[in-house]
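Chemist: Quick note, the sequences are listed as chains A and B, same order.
When we follow our numbering, the leftmost residue of the first sequence carries the number 1, and every step to the right adds one.
When we follow our numbering, the leftmost residue of the second sequence carries the number 1001, and every step to the right adds one.
By construction, these hints were calculated from the structure, which means they are not laboratory data.
One thing to keep in mind: the hints can contain errors.
To be verified - Simulated crosslink set (DSSO-like; lysine-lysine; CA at most 27 Å straight-line):
no. : chain 1 : residue 1 : chain 2 : residue 2
1   : B       : K1079     : B       : K1065
2   : B       : K1206     : A       : K130
3   : B       : K1079     : B       : K1148
4   : B       : K1079     : A       : K26
5   : B       : K1148     : A       : K26
6   : B       : K1065     : B       : K1037
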Amino acid sequence: MGITTIAFILLSLMAIGSAIMMISSKSPVHSVLWLIVVFFAISGHYILLNAQFLAIVNIIVYAGAIMVLFLFVVMLMNLNAETEPIKNYRLRLIGILSGGSLLLVLIAAMMKIDVAQPVLMSTGDSGLIKVLGHALFTNYVLPFEISSVLFLSAMIGAVIIGKKE
Amino acid sequence: MMLAIDLAMVIEKLVLIVVVVSASLVIAMYTTFAERKVAAILQDRRGPNRAGPFGLLQPLADGLKLFFKEEIIPNFSSKFLFILGPALAMLTAVMTSAVIPWGDKISFFGRDVSLQIADINIGVLYVFGVVSLGVYGIMIGSWASNNKFSLMGGLRAASQIISYELAMGISLIALLMVTGTLSLKEMVVQQQQGGWGGFLGWNILKQPLGFLIFLICAFAECNRTPFDLPEAENELIGGYHTEYSSMKLGFYLFAEYINMFISSVIMATLFFGGYDMPFVDEAGLSPNIAALIGVAALMGKVIFFIFLFMWVRWTIPRFRYDQLMHLGWRILIPLALFNMLVTGAVILYFNK
Chain A
1 MGITTIAFIL LSLMAIGSAI MMISSKSPVH SVLWLIVVFF AISGHYILLN
51 AQFLAIVNII VYAGAIMVLF LFVVMLMNLN AETEPIKNYR LRLIGILSGG
101 SLLLVLIAAM MKIDVAQPVL MSTGDSGLIK VLGHALFTNY VLPFEISSVL
151 FLSAMIGAVI IGKKE
Chain B
1001 MMLAIDLAMV IEKLVLIVVV VSASLVIAMY TTFAERKVAA ILQDRRGPNR
1051 AGPFGLLQPL ADGLKLFFKE EIIPNFSSKF LFILGPALAM LTAVMTSAVI
1101 PWGDKISFFG RDVSLQIADI NIGVLYVFGV VSLGVYGIMI GSWASNNKFS
1151 LMGGLRAASQ IISYELAMGI SLIALLMVTG TLSLKEMVVQ QQQGGWGGFL
1201 GWNILKQPLG FLIFLICAFA ECNRTPFDLP EAENELIGGY HTEYSSMKLG
1251 FYLFAEYINM FISSVIMATL FFGGYDMPFV DEAGLSPNIA ALIGVAALMG
1301 KVIFFIFLFM WVRWTIPRFR YDQLMHLGWR ILIPLALFNM LVTGAVILYF
1351 NK
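Just chain A, same shape as in the assembly:
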């Protein structure tokens, strides 16, 4: 068992454990914080795959920007565990059913995949920034530009909604 396998197992345990904690913790602020831990574990997986750029961008964008905004909203709304108990049992039953069927589909899909090597460990350089940038601006330049236009229009839309009197 090499050091990468140990790191992989630890990171996976961390990711799954904190994901469960995120769902099960009563306070929304705690949920957000556990989700941040999940992002860190996933970034660790990216580093194991030698995708350094993806790892750090995951932290900058998700942990550093989006989750901060989530925290902002949750903290300002002051949601507490006591104020929102779920009383509707029918809703709960439907939730369990739909979540369970999604799990079933995922497991069925996973069973089909032939997993020869679960993680490609620190070989290959497709995740390094030079290779990635080259691929984005040559082979995938059209989708890349189109998605940037999408972001721009979303930004303008947000500004217009914000400015409405």
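Based on these hints, arrange chain B on the given structure of chain A.
Modeler: For chain B alone, coordinates are given in the frame of chain A:
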């Protein structure tokens, strides 16, 4: 052996980490002392001069005072997060030091030791990622205090940091376009090769506007005057650390000084040649002496920047909150975008 680890390398890196972190802590400690002395000089006073010769033991006395104060954790706060807040503030402040090249190689018992903990090829992005995590220490601490005024202070601080992060990132992109690398080590090596004793290679000459934007944003990220609204002592009741006492308060304040030191190092590395000593040919000297000169040069530049931080603090009044937001969103970001466009155009024009 089950785990194939190079034991010598682990020991080397551990020693380096311990040395770098403790050096940052000691320097930050004496920065608090220097701040009081500089303030005293600027205001025509003497400053602390009782503890030890010239008051040199003053930081130790301050630390002892904070340690021996009563530790109060508010009853209705969530205890774990209340402790996590200052811990995260310290952690994110120190973490950046891992990618900074403190000097060139030194050889030690026939072993080449690079004076950099990790030379990763996403160095600048790593710095940026750690900076963007710096918000959490403040936000978690302010929320865990379970106090409206703390929460308001925390939100003010967080929105300030987020606003200035954007301009900082864009000014860095312009710099990356010039250097063509993200590794901090390679940036320093590039800057060493310039005319006129190495001066002409420094990035400040290629990116003066970018440096100015980065400097302003660094002041804002460190919560220093004129951007110290999060903790404006004489206007607010204390900002996000209202409920904190004893060493947990000390850690928040101390993290600010570590941030100041680290951002000075980053500015020196990115724009002022890092450990490059101008007018000295490093190749002609023995590697150990060259490395020592490099570390000394870096520290000299850092001391200048730390002095600049203090000089500004004790001469310029702080902004109003709307002025702060106006400067961040309406002036710095368009300016940084303009800088980026001009840099791109110039590079395209000369590379044709």
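Chemist: Each hint needs a verdict: does it hold in this structure or not?
Modeler: Hint by hint, here is what the structure shows:
1. B:K1079 to B:K1065: 23 Å, holds
2. B:K1206 to A:K130: Distance ~23 Å between K1206 (chain B) and K130 (chain A) Cα, so the pair holds.
3. B:K1079 to B:K1148: 17 Å, holds
4. B:K1079 to A:K26: Answer holds: K1079 (chain B) to K26 (chain A) is near 16 Å, not above 27 Å.
5. B:K1148 to A:K26: With Cα atoms ~21 Å apart, K1148 (chain B) and K26 (chain A) stay inside 27 Å; holds.
6. B:K1065 to B:K1037: Holds, at about 19 Å.
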